[in-house]
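*Asks:* Given chain S, work out where chain A should sit, using these hints.
The lines below spell out each chain.
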Amino acid sequence: MLQNRDWRWLLRWESLLAVILVAVIAANIQMSSHYLGTDNFVNLFQLSIEKIIMALIMTFIIINGEIDLSVASVMGLSACLFGRLYDQDIPAEMAVVIALVVGTVCGTFNGFWIAYAGLPSLAVTLASSIMFRGVARILLEDRSVGLFPQWFNNLGQPDLIGPLSFGIILFVVLFGICLIVLQLTAFGRYVYIIGNNKGAARYSGIKVRQTKLTLFILSGLVASLCGLLLAARLGTVRANAAEEFELDIITMVLLGGVSIFGGTGTLVGVGLSILVVLNLRNGMSLAHYSGNIQTSVVGALLIASVLLPNLMRDTRRLRQWRDFRFRPRETDLEEEEGTWQAVG
Amino acid sequence: MQKVRQLIRPEQIRELSLLLIIILIVIFFGSQIENYYSARTFQRISSSVMIIMVVAVGETMVVLTRNIDLSVSSMVGFTAYLAGQQVSQNDNLSPAVVVLLAVSFGALLGLINGLLVAYGKIPAIVVTLGTLAIYRGALVEYGHSKNILVRDLPDWLVNLPRETLFSVGELDIRLLAGLAFIIVIIFQMVLLFLPYGRRLYAIGSSPDAARIAGLPARRIVLLAYVLCGALSGLGGFIYLSRIGTVGTTAAQGLHMQVIAAVVVGGVNIFGGSGTMIGMMLGAILMGILEQSLIRMQINEFWKDAIFGMFILLAVASDALMMNRLRDLWARGAIQMRIAQDAAVQKE
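Chains as they are written, first to last, in the numbering used here: chain S, 1 to 344; chain A, 1 to 347.
The hints are simulated quantities; they were obtained by calculation from the structure and are not laboratory data.
Certain hints may be false.
[Claimed, not checked] Subject to a maximum C-alpha distance of 20 Å in a straight line, what follows is the list of computed SDA-like cross-link-like pairs (lysine to any residue):
hint, chain 1, residue 1, chain 2, residue 2
1, A, 121, S, 143
2, A, 3, A, 329
3, A, 121, S, 308
4, A, 303, S, 143
5, A, 3, A, 220
6, A, 121, S, 309
7, A, 146, S, 292
8, S, 198, A, 270
9, A, 121, A, 220
10, A, 303, A, 36
11, A, 303, S, 243
12, A, 121, S, 312
13, A, 146, S, 289
14, A, 303, A, 29
15, A, 3, A, 303
16, A, 303, S, 138
17, S, 207, S, 193
[What the hints assert, rightly or not] Short, incomplete list of chain A residues facing chain S, as computed with Cβ under 7 Å:
hint, residue
18, 122
19, 140
20, 157
21, 158
22, 309
Note that the Cβ used here is the ideal one computed from N, Cα and C, for glycine as well.
If we strip away everything but chain S, and leave its shape as in the complex, we get:
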């Protein structure tokens, strides 16, 4: 039994993730000689750069005890809006700004209903995800728009700065900022406290509504930014852009040890789980598994990421229960009588 405090860190979720990550990487190296190359590593991040950037903001929202199912639709909407505007001969710079503004408005819309009208975020973002996707369909119908200006396409391509792309640099910078904000600032603490106990947070004078609104506005802004990155990376936009990205994003966050009920989890864990998911997908691609199997495995991983801690907790309880049994108290040893006491 691990009772010693020095060994406690081994049981932490992040350590388990690190072990899994090492195992996945080892398997990948075994499987393919192409795995260990700069190209593959850039590719690894590049192929789902929008999802991993989005996962950072989603971490804040889930720790805050809410969920945002509409991120994929906001991504699609801003990409389609950019495409439509560009198609109508509006300069691309202008179109980018408008798309970002509209994404922010979408986030504000969600945040208003959730923070100020007090509606459940699950219902609101489910409805708004249908609505935003619908607007994207109205904008582009069944056409696809492409042939964007060169500077825009360059944003999505690797080799912009050294071998890195704009998205990867943005991810690294955002990860640093998010890490500092979530773990070291008052705002980050508020996010945790609200997720733990909304009522207690309000009575301690934390501005619950403003915090929630801020997070959803940020979510909308970053989602539209990711939508534009997707458009730049693919070079073409369709109405179904970024469809069903929310599964991967939420999986990355939950696998990182963030509780769906809010209040717990760290960004380090999410960072590790992002690496696990990316490497797993990369390895499966190298082994020629189809995209659908990959999605299935990600789905199974999502379920396992919650089932495992549950089982671990249950066995711990069971063990406590086993030790919680009739045994003589040391002072009463001379007598026959004993008493119930908890051990450990």
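*Replies:* Frame of chain S; chain A shown alone:
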């Protein structure tokens, strides 16, 4: 006012207002579209609504227990594909066997969901978001992206959607639409009169209280998921007979429409309140909107945006109006009690 309060409950006011909205919408479309009040319109709406209605019955039971099932679309798709494949390979399968196959396979998929939610203690949204992807991935792998074609299906299955139960004037009540209606009524009865139905409400209103009161909460939630899976299986069978050509992407995105019907129909997304009749009205409203927008030659791409807006309006009006109505009703009851006590003391 007291009389009104005694006669109807806030939930019934919600259903009545939904009915009013449906009537208003029908009148509106009737004035916009030529020849709207015809048997053909009724036929189109009823046959588009029936799949959603059957699946939404199961979804309602799950939502009543403060859970959710997002995987229904994959379950419908998988059972439709499996039933279609079996029936096209063996021509002499009897209809009962095909239905049984679809329903029991759906129940099996629902059982997996239910075990993970009730006994694995995983939040429902996590489980079903995962199984939504897993079931779909399994289907694509199983089907090797081959389609089930109408010409491979036996005649009885292809003609099933055109079977008529009975006719009222020009209106033909189709067999499958009638079946969907009967299922809604049966499960409404279950919710009203069987202990199991009442327990669904009890668990949804307060899971902790239900557990402390000694209800076998896990078994009840598990059964709700199994029933949801079984009804999705039946929905898959209806999907197969109505659509005919079924590929591995069958019924993708159906869960959004099902949840839309449930939420618009006044079933609280946090469990504990809602009825099958309300859900049916919600499904019919969405069906009327969908079919009428097509008839109005409004661009079909507008459909989703309008759907999303309706769901949001339904959720918002629920949260803002229903609590006030309930407060009003409760206050009325207290005032009545005070008046009674005063009357007793006078004597």
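*Asks:* Decide, hint by hint, whether the structure agrees.
*Replies:* Hints and how they fare:
1. A hinted pair counts as satisfied when its Cα atoms are at most 20 Å apart, and residue 121 of chain A with residue 143 of chain S does not qualify at roughly 44 Å.
2. Distance restraint check for residue 3 of chain A and residue 329 of chain A: the Cα-Cα separation of roughly 11 Å lies within the 20 Å cut-off, and the hinted pair is therefore satisfied.
3. Note on residue 121 of chain A and residue 308 of chain S: the hinted pairing holds, with a Cα-Cα distance of about 11 Å set against a maximum of 20 Å.
4. With a C-alpha separation of about 17 Å, the suggested pairing of residue 303 of chain A with residue 143 of chain S holds against the 20 Å cut-off.
5. A distance of roughly 37 Å separates the Cα atoms of residue 3 of chain A and residue 220 of chain A; the hinted pair therefore is violated under the 20 Å criterion.
6. Taken as a hint, the residue 121 of chain A and residue 309 of chain S pair is honoured in the structure, with Cα atoms around 10 Å apart against an allowance of 20 Å.
7. Restraint check for residue 146 of chain A and residue 292 of chain S: satisfied, since their Cα atoms lie roughly 15 Å apart, inside the 20 Å limit.
8. At roughly 17 Å between alpha-carbon atoms, residue 198 of chain S and residue 270 of chain A fall within 20 Å of each other, so this suggested pair holds.
9. As the CA atoms of residue 121 of chain A and residue 220 of chain A are separated by approximately 14 Å, the hinted pair is consistent with the 20 Å bound.
10. A C-alpha spacing of about 19 Å is found between residue 303 of chain A and residue 36 of chain A, which places the hinted pair at or below 20 Å, so the restraint holds.
11. For the suggested pair residue 303 of chain A and residue 243 of chain S, the alpha carbons sit about 17 Å apart, so the restraint of at most 20 Å is met.
12. At roughly 12 Å between alpha-carbon atoms, residue 121 of chain A and residue 312 of chain S fall within 20 Å of each other, so this suggested pair holds.
13. For the suggested pair residue 146 of chain A and residue 289 of chain S, the alpha carbons sit about 18 Å apart, so the restraint of at most 20 Å is met.
14. This hinted pair checks out: residue 303 of chain A and residue 29 of chain A have alpha carbons roughly 15 Å apart, not beyond 20 Å.
15. For a cut-off of 20 Å, the pair hint linking residue 3 of chain A to residue 303 of chain A is broken: about 42 Å separates their Cα positions.
16. For the hint linking residue 303 of chain A to residue 138 of chain S, the alpha-carbon distance of about 9 Å falls within 20 Å, and the restraint holds.
17. Restraint check: the Cα-Cα separation between residue 207 of chain S and residue 193 of chain S comes to about 11 Å, which is no more than 20 Å; the hinted pair holds.
18. Interface hint status for residue 122 of chain A: upheld, as the beta-carbon distance to the closest one in chain S is roughly 4 Å, under 7 Å.
19. Interface hint at residue 140 of chain A: satisfied, since its Cβ lies 4 Å from the closest Cβ of chain S, which is below the 7 Å cut-off.
20. Below 7 Å, beta-carbon pairs count as interface contacts, and residue 157 of chain A has none with chain S, the closest being about 27 Å; its hint is therefore violated.
21. The closest approach between the C-beta of residue 158 of chain A and any C-beta of chain S is roughly 29 Å, which is over the 7 Å cut-off, so the hint fails.
22. This hint holds: residue 309 of chain A has a C-beta 6 Å from the nearest C-beta of chain S, less than the 7 Å allowed.
Hint compliance for this structure: hints 1, 5, 15, 20 and 21 are broken, all remaining hints hold.
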